[in-house]
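Colleague: Sequence:
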Amino acid sequence: TLKRWNKTVTIEPDALEKLVTDGYSLAYGARFLKRVIDDRIKLPLSQRWKEANSFRVTLSNDQIEVEAVGPRLVASSDPDAIAV
1 TLKRWNKTVT IEPDALEKLV TDGYSLAYGA RFLKRVIDDR IKLPLSQRWK EANSFRVTLS
61 NDQIEVEAVG PRLVASSDPD AIAV
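Everything in the sequence shown is counted per the numbering used here, starting at 1 for the first residue and increasing by one.
No wet-lab data here; the hints were simulated from the structure.
Treat the hints loosely; a few may be bogus.
[To be verified] The calculated label-pair distances, taken between Cβ atoms and stated as ranges, are: (1) Ala27 - Glu51: 37 to 43 Å; (2) Pro71 - Gly29: 38 to 44 Å; (3) Arg31 - Asp62: 20 to 26 Å; (4) Lys42 - Gly70: 14 to 20 Å; (5) Trp5 - Phe32: 16 to 22 Å; (6) Leu26 - Gly70: 36 to 42 Å; (7) Thr8 - Asp38: 15 to 21 Å; (8) Asp38 - Glu67: 17 to 23 Å; (9) Thr10 - Lys50: 26 to 32 Å; (10) Thr1 - Asp62: 16 to 22 Å; (11) Trp5 - Lys34: 20 to 26 Å; (12) Gln47 - Pro71: 16 to 22 Å; (13) Asp38 - Trp5: 16 to 22 Å.
Yeah, the Cβ is synthetic: ideal placement off N, Cα and C, and Gly gets one too.
Throw the hints in and build the complete structure from the sequences for me.
Modeller: In structure tokens, the structure reads:
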């Protein structure tokens, strides 16, 4: 889906470590990892979807944050057009 919409998501290593730590337990394995990814990455990403074509997932104050970091492309006949 990301490739189809010309979108990219970069996950910083410390944010990835936090996702794995919060989504995995010795008792249940990675059973909750999908829920953690849905709540902390997919939902915020969908809320900011139209803001940019590139997003960065970072860890700040022990919280996962999704930032829009790239320009949003504008539908145009000019392939070099970007939103400002």
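Colleague: What hints, given by number in increasing order, does this structure fail?
Modeller: 5, 9 and 10
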